[in-house]
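2 protein chains.
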Amino acid sequence: MRVWSSPEIEALIARLARLPGLGPRSARRAALALLQEPETRLKPLMAVMGDAAQTIRTCSTCGNLDSQNPCVICSDDERDQSVICVVETVGDLWALERAGVHKGLYHVLGGTLSALSGRGPDDLNTRGLLERVDGGGVREVVLALGATVEGATTAHWLHHQLAETGVTVSRLGQGVPMGGALEGMDDGTLAAALMARRRLET
Amino acid sequence: MRVWSSPEIEALIARLARLPGLGPRSARRAALALLQEPETRLKPLMAVMGDAAQTIRTCSTCGNLDSQNPCVICSDDERDQSVICVVETVGDLWALERAGVHKGLYHVLGGTLSALSGRGPDDLNTRGLLERVDGGGVREVVLALGATVEGATTAHWLHHQLAETGVTVSRLGQGVPMGGALEGMDDGTLAAALMARRRLET
Numbered sequence: 005m006r007v008w009s010s011p012e013i014e015a016l017i018a019r020l021a022r023l024p025g026l027g028p029r030s031a032r033r034a035a036l037a038l039l040q041e042p043e044t045r046l047k048p049l050m051a052v053m054g055d056a057a058q059t060i061r062t063c064s065t066c067g068n069l070d071s072q073n074p075c076v077i078c079s080d081d082e083r084d085q086s087v088i089c090v091v092e093t094v095g096d097l098w099a100l101e102r103a104g105v106h107k108g109l110y111h112v113l114g115g116t117l118s119a120l121s122g123r124g125p126d127d128l129n130t131r132g133l134l135e136r137v138d139g140g141g142v143r144e145v146v147l148a149l150g151a152t153v154e155g156a157t158t159a160h161w162l163h164h165q166l167a168e169t170g171v172t173v174s175r176l177g178q179g180v181p182m183g184g185a186l187e188g189m190d191d192g193t194l195a196a197a198l199m200a201r202r203r204l205e206t
Numbered sequence: 005m006r007v008w009s010s011p012e013i014e015a016l017i018a019r020l021a022r023l024p025g026l027g028p029r030s031a032r033r034a035a036l037a038l039l040q041e042p043e044t045r046l047k048p049l050m051a052v053m054g055d056a057a058q059t060i061r062t063c064s065t066c067g068n069l070d071s072q073n074p075c076v077i078c079s080d081d082e083r084d085q086s087v088i089c090v091v092e093t094v095g096d097l098w099a100l101e102r103a104g105v106h107k108g109l110y111h112v113l114g115g116t117l118s119a120l121s122g123r124g125p126d127d128l129n130t131r132g133l134l135e136r137v138d139g140g141g142v143r144e145v146v147l148a149l150g151a152t153v154e155g156a157t158t159a160h161w162l163h164h165q166l167a168e169t170g171v172t173v174s175r176l177g178q179g180v181p182m183g184g185a186l187e188g189m190d191d192g193t194l195a196a197a198l199m200a201r202r203r204l205e206t
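Order-wise, the sequence lines are chains E and P.
Residue 85 in our numbering sits at position 81 of the first sequence; the count goes up by one each step and never skips.
Residue 182 in our numbering sits at position 178 of the second sequence; the count goes up by one each step and never skips.
There's no promise every hint is true.
Partial selection, computed: residues in chain P whose CB lies under 8 Å from chain E [as the list claims (entries may be wrong)]:
{"id": "1", "residue": "G25"}
{"id": "2", "residue": "D55"}
{"id": "3", "residue": "T59"}
With a straight-line Cα cutoff of 20 Å, these simulated DMTMM-like cross-link-like pairs (lysine to aspartate or glutamate) come out [as the list claims (entries may be wrong)]:
{"id": "4", "chain 1": "E", "residue 1": "K107", "chain 2": "E", "residue 2": "D126"}
{"id": "5", "chain 1": "P", "residue 1": "K107", "chain 2": "P", "residue 2": "D126"}
{"id": "6", "chain 1": "E", "residue 1": "K47", "chain 2": "E", "residue 2": "E14"}
{"id": "7", "chain 1": "E", "residue 1": "K47", "chain 2": "P", "residue 2": "E14"}
{"id": "8", "chain 1": "P", "residue 1": "K47", "chain 2": "E", "residue 2": "E14"}
{"id": "9", "chain 1": "E", "residue 1": "K107", "chain 2": "E", "residue 2": "D127"}
{"id": "10", "chain 1": "P", "residue 1": "K107", "chain 2": "P", "residue 2": "E82"}
{"id": "11", "chain 1": "P", "residue 1": "K47", "chain 2": "E", "residue 2": "D55"}
{"id": "12", "chain 1": "P", "residue 1": "K107", "chain 2": "P", "residue 2": "E92"}
{"id": "13", "chain 1": "E", "residue 1": "K107", "chain 2": "E", "residue 2": "D80"}
{"id": "14", "chain 1": "P", "residue 1": "K107", "chain 2": "P", "residue 2": "D81"}
{"id": "15", "chain 1": "E", "residue 1": "K47", "chain 2": "P", "residue 2": "D55"}
The hints are simulated quantities; they were obtained by calculation from the structure and are not laboratory data.
The model shown is predicted, which means the values in this text are computed figures rather than measured ones.
A virtual CB, placed ideally from N, CA and C, is assigned to each residue, including glycine.
Let the hints inform the model, and build the full structure from the sequences given.
In structure tokens form, the structure reads like this:
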């Protein structure tokens with residue numbers, strides 16, 4: 005094929021295409037938008053990326069990403085220090101914070117146990133969680149893990165590890181999501197929803 | 005709302021969300037991916053953006069983006085210097101080059117004439133095109149403009165401007181796109197396709 009585009013442009017497109025949510029086509033459009041307006045698009049984006057690269061670190065307590073360590077959540081005295089919500093990823097933590105439903109602290113595992121992928125307890129931040137619980141002051145650990153085989157395995161293992169510490173271990177409720185029509189649900193969700201049925205008060 | 009995310013992260017998400025093809029949700033996912041792997045994602049992307057910002061310029065002849073000026077297309081002696089394909093944007097030029105169907109040169113107008121948006125001939129790179137044609141050596145100008153009211157208006161105006169230069173002025177064929185089912189086509193496309201019908205050889 006005849007060369008018609010510069011290697012600098014192709015390198016930019018290739019890097020953008022690696023971002024989740026951007027395919028080769030949209031990466032090309034994004035690169036074009038950046039290059040057509042270097043002063044108002046390309047350079048400002050470079051600047052905020054530079055800021056983020058310099059300041060954002062992993063919180064050594066919970067595993068969240070923040071410019072301070074411990075992170076703003078771990079440092080917030082108004083949050084309930086006695087409840088730790090265990091999530092797989094920082095993305096899950098962000099989703100819960102956006103919903104604004106959890107008033108306690110978090111702990112990011114960094115994934116799930118997986119025999120298939122060869123991820124054992126030492127590959128996740130499980131030790132950190134057990135140390136936090138051992139440190140005292142924790143009343144409840146909420147396992148907010150994905151409703152997958154790996155998530156369930158991880159929850160089971162953590163429950164077992166925490167059994168003798170005396171803290172309450174809970175997991176997220178399962179059932180039909182808000183706004184979900186029964187017709188579209190898979191069998192597993194329907195079974196879980198039926199098992200988790202609640203008696204209505206009269 | 006309680007502050008739970010650092011301003012550096014929010015600034016990065018806001019900037020990413022301005023890219024075409026990325027909404028607020030996917031920008032958040034992209035930011036997270038960058039921040040979770042700073043060494044293998046964030047910094048390499050910053051590096052290629054820096055390279056592009058330093059090297060990529062607008063070709064002073066045709067308006068393409070490239071690291072050399074005149075661009076690699078304008079400098080290619082093997083291309084047909086006598087045919088200039090006029091496009092609205094660099095994205096259009098890239099689309100034609102990807103298809104590999106045009107063997108001549110290009111000219112990027114930078115948009116279309118638009119009474120509604122107040123864009124006149126002086127707001128586009130029309131003067132450059134007329135100067136290239138006046139410079140001689142041009143046999144044909146292909147108007148590869150969008151099949152929109154503005155595209156048609158711009159084509160009409162350019163055709164008029166080029167009328168006395170003696171060059172052949174053509175525009176792209178119109179009709180049913182490849183792979184298109186008639187049922188899904190709009191009335192305008194069907195009308196144009198019927199008008200542009202071709203007799204089959206027996």
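- Item | Hint check against the structure, violated hint numbers in rising order | 4, 5 and 9
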